[in-house]
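Protein chains: 2
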Amino acid sequence: MKFSQTFIPTLREAPADAVIVSHRLMFRAGMIRKFANGLFAYLPLGLRSFRKLEQIIREEMAAINSLELKPTVVVPGELWKESGRWDAMGDAMLRAKNRLGADLVISPTAEEAFTSLVRDELSSYRQLPLSLYQINSKYRDEIRPRYGVMRGREFVMKDAYSYHTGEASLDQTYQDMGRAYRRIFKRCGLTVIPVQADSGAMGGSGSEEFMVESEIGDNTLLLCKDCDYAANVEKAGCKPDFTAPPSIEAARAASSSTPAAEKIDTPEVKTIGELCAFLKTSARTFIKTLIYRAVNVELDLSAAPGCASLERRRPAPDAPLVYPEAFFAVVIRGDLDVNEAKLAAALKAGEVALAADGDVQRLSGAPVGFAGPLGLTGLPIIVDETVTAMNDAVTGALEKDLHYRHAAYGRDFEGWMLGDFRTVKAGDRCPRCGGELYEKKGNELGHIFKLGYKYTRSMNVSYLDENGKTQVPLMGSYGIGLDRTLASVIEEHHDEDGIIWPVSVAPYHAVIIPIKYAGAVKEAVDALAKELEGLGVEALIDDRDERPGVKFKDADLTGIPFRLVAADKNLAAGKVEIKRRGAGEPRLVGINGAAEELAAMVRAELAALDDS
Amino acid sequence: MKFSQTFIPTLREAPADAVIVSHRLMFRAGMIRKFANGLFAYLPLGLRSFRKLEQIIREEMAAINSLELKPTVVVPGELWKESGRWDAMGDAMLRAKNRLGADLVISPTAEEAFTSLVRDELSSYRQLPLSLYQINSKYRDEIRPRYGVMRGREFVMKDAYSYHTGEASLDQTYQDMGRAYRRIFKRCGLTVIPVQADSGAMGGSGSEEFMVESEIGDNTLLLCKDCDYAANVEKAGCKPDFTAPPSIEAARAASSSTPAAEKIDTPEVKTIGELCAFLKTSARTFIKTLIYRAVNVELDLSAAPGCASLERRRPAPDAPLVYPEAFFAVVIRGDLDVNEAKLAAALKAGEVALAADGDVQRLSGAPVGFAGPLGLTGLPIIVDETVTAMNDAVTGALEKDLHYRHAAYGRDFEGWMLGDFRTVKAGDRCPRCGGELYEKKGNELGHIFKLGYKYTRSMNVSYLDENGKTQVPLMGSYGIGLDRTLASVIEEHHDEDGIIWPVSVAPYHAVIIPIKYAGAVKEAVDALAKELEGLGVEALIDDRDERPGVKFKDADLTGIPFRLVAADKNLAAGKVEIKRRGAGEPRLVGINGAAEELAAMVRAELAALDDS
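Respectively, the protein sequence lines represent chains X and L. Each residue of the first sequence is one higher than the one before, starting from 3 at the first, in the working numbering. Each residue of the second sequence is one higher than the one before, starting from 3 at the first, in the working numbering.
Hints should not be assumed to be uniformly reliable.
No distinction is drawn between identical chains; accordingly, a pair holds when it is met within one copy or between any pair of copies.
Stated by the list, open to error - Below, computed lysine to aspartate or glutamate pairings styled on DMTMM-like, alpha-carbon distance capped at 25 Å:
#1 Lys282 / Asp339
#2 Lys4 / Glu468
#3 Lys350 / Asp93
#4 Lys72 / Asp19
Please keep in mind that the hints were generated in silico from the structure rather than gathered at the bench.
Next up, chain X with everything else stripped away, as it sits in the complex (with noise of 0.2 Å):
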């Protein structure tokens, strides 16, 4: 391909918008434009680069027999009612109204398309496991797109779906879609981390998440300085920094020389810090007590505290029963914060938040600062695990200005549920291995997980067994978004000229720059030009009628791999002078051997990327 022929249009500057790297050089190098925030056009080069990502992805879901569909982008909008995500999906999702009348969905995931077609097509076990996969323009209506393609309203995501019979077909795809992203993501040069992930909320049991390590990452992961551990803080764990007795009878007896509880006037003061400071002491005597509310609740309240008579109700026919409001009181060590996804997942609860100060003045009988676990009644009290170290803590006294001291766990109050509810932070020790934790921004480009049976029990879906006897299937999700991979490669790999594309997602493997394209120079490129071609690589022949430092600046620009200068007095010598974008100094080497070098180059670098 000549440079005049396609359509790279350079620029030295990058839109004020563009305030990462990935964003600067993707528009500065002519691979996408904007049509609208959150809105691109890839350009030639751009759409070289993501087909190459494409094909890797299908490479590796051949390989894992997950096989590819086409669906629609416009689906019905009864698939989303079925399942009971037209109303959970909220703003986010991007509802039109055909001339009929009828509600219709641009799609932002398909769990309810690739389950519906699955629920027609499904009639007995012999046909599962099935694994089934799409990569397709999807929308989601951020609030505040920005960073180019990185967080698009359109993108196009690989989204995949699978179908088993039981628990060990499901972990088999899952491992196996865990692999072919490892896979994907080091064949793009990408350096991820592979985290344990929240999937409370899902309804499953098992995700991992693939972040790259980004300042502008909406996700804090933990990591272990000493060994492998990685996880997204709604899921991180961590050593336990206390010596909880065995038992509740083993905390009564630790608590036998506490002296009774008693309570204290604490005038004025409310916060932990004030307490801290007034008494003299640190956070981890306290025990911190919140009182959250919780909606959509799927667990079983009907035995804990105050719950018996909440209403209940199944928000559609077969989805299962929830209650849509209850409270609760969790109790931490002070110095700790409470992990609202934790939370929220052992709750089965659609969402938690701290309850508004009415409610827990009505709750707590006392105001905010001041409700503690002794003499708590009328809500479920969730206890952090670190509390029950604690047989001598300060803690609230549900009435103002007053907070209990010699307060102990199981000697002067119990808790309805017991828990790892703390937010894991710097500092921390790994569950692991005991090393310390830091942590990391990261943005996540792939997601696996295990979805259970959400979707196939509320879209009806079913197959007969072994034995005739009918049964629904689990399910599993997983999906890897295309735009922010490639703009992910562009963050890991540049430097202050460019770009510095892997080989294996280059727009182009080589850039052949004439000094000046005409005469002998010419007919040397063109031939050279050929014989890469016929080698399998790829090149951009520069023929513009530009100074060389235009091009040598475009060619660092947009980081194709590999270039090749051609000028007369090299030439003459019968040389051309080689270089690798990003590596050491240009090197001469002789025009008859250059092609089959620098094809041997190429081969090497993806070997390299591809091997595992």
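Please build the complex by placing chain L on the supplied structure of chain X, with the hints as guidance.
The following block gives chain L in isolation, referenced to the frame of chain X:
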């Protein structure tokens, strides 16, 4: 690929709404499934053929230097307001509002999107010509989607747009596209009829449609029995079946011996048929006069009778001036019909339709049925060329129950505009060779046309020419519907048992049927498949545990071109059976040479489809 590892849910029956062959067979062969009216998913088998069609199109676009882009499917409504089509597209365009209330369009076509991209990048004549395309999802809210993917709501279109400094350059790309389209359809094994098409409403001058014959086609084509003339009825011309005087003076001279026009009583006679019976003569001796209402007329009417005070305005700041409403009298020989597409094109009108009875009465001064050109003032008279030969005709007298006889063109009336406005029909004579024309119904698969300045002017695209002067580029637009192209291949290539794919767009080249996939047969079949793969032949092994009859039926249904049958007995004799779907009887070939022989047949068929 093994049948058991893919997902090809074949069926003996098609749903009741599948009334055409391609819809029935695509459904039964497990190529597509339906989400809702007009919304279909391609399953793996269908997608394989679809991707081959995409690839053929990409190759042919590359061959004429058209560059692929990937704009978004969802685009800002703002672009459509700029071009003026936000209003013009009506209900066929699916619209949505995002969470901020901004208008969005689910692209039905992309003149606006491409033109806005080019507008932002174009500065110099040196960047032109530019030919760009996409292969992407489109949505049109068809009132009555039907015939499967032949007339769906969401579909995939290859749409290309070109920009030029002048007519010669536009014509070059237009001709290139026409050749590329012919090659694309030929490579798919399709017999297309390239026809001249109306392009008046698009503001262009030059348009060709690529039709396939189809009982359910929504276009009427006129074809010559003797030469290759073919035209859409909207544009079709014919050899004159009258001898028109060369000038208005000659027309007057021709009527020198005609008695003066005189009124005759024609009580209760309104239609041409009644008049023929009443006067015992033929419709060819009548001048039919029809009053038309035209909207958004671009033609300058300032000198036309009765039009001096008509309202004229610009629908958008940079749009051309139009008359929102204007009336015209069209006179034509009594045995002919007025072609409204030709009329609209001549008037540069957005739309023309017969005027309401009230308007006819107001403008002609008589009830419907008595309009005529003699004495008709107050609106422009448009004369079909057939009328210029009429020097002794009957026509309405602008009074109830009265007609004129002995009316003569030139002597008794003249027109404001003269042209060809007749609807050509079967039996008329070819304008090229005089042969008899016949009619066919056709479905449009592709359309190329010269748009002229329509979008580049309304959207303010400009560049500087060689002299530094600002110029507006000319534009062309070129589309192919992929889904209906694939369906049309099946319409042309099938028999009562199923599809008969041309090799070029077949999902697989060959299907291998082991009578039982076990033991020595399995070994032989696996080895054969591997050998075929090495030779570039895509083979599907039907490894299912089904009766041979089921496998044969599915092989016929899915239409895979070559069938290899491996049976115990034949294998023992070193033979396999080979058969071309839809042609001849199976024959035995040596297993050792079978792969090579098959590969040669595949190559030969591909070459035959691709010779040009």
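Check each numbered hint from earlier against the structure, then list the numbers of those it violates in ascending order.
-> none
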